[in-house]
Amino acid sequence: MEFIALNKDDNQIQEMSIMATAIVREHFDPLIGQAQNDYMISKFQTPESIKNQLEHGSHYFFVQKDHQTIGFLAFYPRGNALYLSKFYLYKAERGKGYAHEMMAFVAQKARDRQLSAIEFNVNKHNDACRAYEKLGFKIIRSEKNDIGHGFYMDDYVYRLDL
393 MEFIALNKDD NQIQEMSIMA TAIVREHFDP LIGQAQNDYM ISKFQTPESI
443 KNQLEHGSHY FFVQKDHQTI GFLAFYPRGN ALYLSKFYLY KAERGKGYAH
493 EMMAFVAQKA RDRQLSAIEF NVNKHNDACR AYEKLGFKII RSEKNDIGHG
543 FYMDDYVYRL DL
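Residue numbers (our numbering): 393 to 554.
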């Protein structure tokens, strides 16, 4: 498995936006509804949004297996933890054990920065919660965050101490 860093190249950012939109749409439309997902995609997955995230310390990576892009991830340091803001695979690639390798990569990046944990938010109804718990993550709290336009993110916050 390879992790290819996204740089500030407009073509790469456009590629990331297209892929992120496709993956997020296939996963979250059934979970939170198309209207909220469309709003979230416009807020977080446009080229302009990704560019802004990169400028403010986020690190994005294309995830590749056998030279094929199968997903992406993104993170940034927050306090004593590495905050994992994106951790996605195409639907056809889920359930193949790739999350273990992806999380090992993220954990190494956290250790490289001398951070003591990984944290992230997960929708309370997301089937992936079980997978994260199998990876050793624990729920540390629940949050309901207003993201605008009458939409909320109703999440668990997971943490893995390193």
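None of these hints come from the bench; they were simulated from the model. Model, not experiment: these values are computed from the prediction. Honestly, I wouldn't trust all of these hints.
As a list, the in silico BS3-like pairs of lysine-lysine whose alpha-carbon atoms are at most 27 Å apart [what the hints assert, rightly or not]:
#, residue 1, residue 2
1, K488, K516
2, K536, K488
3, K530, K516
4, K501, K488
5, K516, K526
6, K501, K400
7, K457, K443
8, K457, K400
9, K435, K536
10, K526, K483
11, K435, K488
12, K501, K457
13, K488, K443
Okay, the calculated beta carbon distance ranges per label pair [claimed, not checked]:
#, residue 1, residue 2, range
14, I531, Y468, 33 to 41 Å
15, D546, R503, 12 to 20 Å
16, D401, E525, 19 to 27 Å
17, Y544, D519, 29 to 37 Å
18, G449, D553, 19 to 27 Å
19, A484, E407, 26 to 34 Å
20, Q406, G528, 33 to 41 Å
21, N403, Q460, 17 to 25 Å
All C-beta atoms in this analysis are idealised placements derived from N, C-alpha and C, irrespective of residue type, glycine included.
To see whether the hints hold, each was checked on the structure:
no.: 1; hint: K488 x K516; verdict: 23 Å, holds
no.: 2; hint: K536 x K488; verdict: 31 Å, violated
no.: 3; hint: K530 x K516; verdict: 13 Å, holds
no.: 4; hint: K501 x K488; verdict: 23 Å, holds
no.: 5; hint: K516 x K526; verdict: 16 Å, holds
no.: 6; hint: K501 x K400; verdict: 20 Å, holds
no.: 7; hint: K457 x K443; verdict: 25 Å, holds
no.: 8; hint: K457 x K400; verdict: 23 Å, holds
no.: 9; hint: K435 x K536; verdict: 17 Å, holds
no.: 10; hint: K526 x K483; verdict: 19 Å, holds
no.: 11; hint: K435 x K488; verdict: 30 Å, violated
no.: 12; hint: K501 x K457; verdict: 19 Å, holds
no.: 13; hint: K488 x K443; verdict: 31 Å, violated
no.: 14; hint: I531 x Y468: 33 to 41 Å; verdict: 21 Å, violated
no.: 15; hint: D546 x R503: 12 to 20 Å; verdict: 31 Å, violated
no.: 16; hint: D401 x E525: 19 to 27 Å; verdict: 37 Å, violated
no.: 17; hint: Y544 x D519: 29 to 37 Å; verdict: 20 Å, violated
no.: 18; hint: G449 x D553: 19 to 27 Å; verdict: 22 Å, holds
no.: 19; hint: A484 x E407: 26 to 34 Å; verdict: 18 Å, violated
no.: 20; hint: Q406 x G528: 33 to 41 Å; verdict: 35 Å, holds
no.: 21; hint: N403 x Q460: 17 to 25 Å; verdict: 18 Å, holds
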